Amino acid sequence: MARFTLRSLAVIGALLLGGCGLLPEQVDETAGWSAQRLYTEAKQFMTDGYYDQAIKLYEKLEARYPYGRFAQQAQIETAYAQYKSSEPALAIAAADRFIKLHPNHPNVDYVYYLKGLATFNEDLGLLAGLSNQDLSERDPKAAQESFDTFSQLVTRFPDSKYADDARMRMQYLVNALAQHEVHVARYYYRRGAYVAAINRSQAALKTYPQAPAIEEALVVLVKSYDALGMTDLRKDAERVLQKNFPNSVYMADGPKVDRPWWQLW
2 MARFTLRSLA
12 VIGALLLGGC
22 GLLPEQVDET
32 AGWSAQRLYT
42 EAKQFMTDGY
52 YDQAIKLYEK
62 LEARYPYGRF
72 AQQAQIETAY
82 AQYKSSEPAL
92 AIAAADRFIK
102 LHPNHPNVDY
112 VYYLKGLATF
122 NEDLGLLAGL
132 SNQDLSERDP
142 KAAQESFDTF
152 SQLVTRFPDS
162 KYADDARMRM
172 QYLVNALAQH
182 EVHVARYYYR
192 RGAYVAAINR
202 SQAALKTYPQ
212 APAIEEALVV
222 LVKSYDALGM
232 TDLRKDAERV
242 LQKNFPNSVY
252 MADGPKVDRP
262 WWQLW
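Under my numbering, the letters of the sequence shown match residues 2 to 266, in that order.
Hints are computed from structural coordinates only; laboratory data are not their basis.
Please note that the accuracy of each hint is not assured.
Straight-line distance between alpha carbons at most 30 Å, and here's what the computed BS3-like set of lysine-lysine pairs gives [unchecked claim]:
1) 162 x 142
2) 85 x 101
3) 61 x 101
4) 207 x 244
5) 207 x 142
6) 44 x 162
7) 85 x 162
8) 236 x 142
9) 44 x 57
10) 44 x 61
11) 162 x 244
12) 61 x 85
13) 236 x 207
14) 85 x 44
15) 101 x 57
16) 162 x 236
17) 85 x 57
18) 142 x 101
Remember, predicted model here, so these are calculated numbers, not experimental data.
Produce the complete structure using the sequences and hints provided.
The structure is reproduced here in structure tokens:
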């Protein structure tokens, strides 16, 4: 059986801790590449769908050539690659960084749009379509952030080629945010917390007066007032409901649509 002296053990330890020179050094085949070549190779990875490899090349490009159009474009492409890699938090961070560094860049409208998409998809969720889960039943924070980002885009760049799609998504998000308020109001109503149900219904009516969800918000309001015996307020809310939605099926507990409202977008 082999025996090791203290000296031999010390030598082995030194090799393990600091003996990297005994191993072949990793060769960086991109050493000496120009900014244009790094960008071209990264772009090819993007085209082929190898987003992780593309991101690594873009990071090298920016580290070696931090100034100039290739570095700026690499920052945009990195945000897009992270978005395509289903890394919305990283995509949003990359977009924020670009907007802060280059607020007047000719393509900054696209970066706002990309940030909005990343937040939008983070809120929608990968399994939402499979689980049939209503977007309004989740935390509305991401929906609000996405709406704010799209709003910045259409306000600053109303003629951008991304503005029309951003407006459509904003309308969808308004509906989602309004429905969230109604969902909470309905939750309170079912549990007998009628004052809380009234407050959330009123919040939906005040904040999102044009959203489809306000019909049900009015219904919850009417029923909550009725449950509390507040006859005059119930009649007032009922008049508003009948004036704006004379054929409302909610008051009669009419048929419900099988497909959630938010899937109609």
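Consistency of the hints with the structure:
no., hint, result
1, 162 x 142, "27 Å, holds"
2, 85 x 101, "22 Å, holds"
3, 61 x 101, "21 Å, holds"
4, 207 x 244, "17 Å, holds"
5, 207 x 142, "19 Å, holds"
6, 44 x 162, "23 Å, holds"
7, 85 x 162, "21 Å, holds"
8, 236 x 142, "34 Å, violated"
9, 44 x 57, "11 Å, holds"
10, 44 x 61, "13 Å, holds"
11, 162 x 244, "39 Å, violated"
12, 61 x 85, "20 Å, holds"
13, 236 x 207, "19 Å, holds"
14, 85 x 44, "14 Å, holds"
15, 101 x 57, "22 Å, holds"
16, 162 x 236, "48 Å, violated"
17, 85 x 57, "15 Å, holds"
18, 142 x 101, "22 Å, holds"
Against the hints set out earlier in the document, violations occur for numbers 8, 11, 16.
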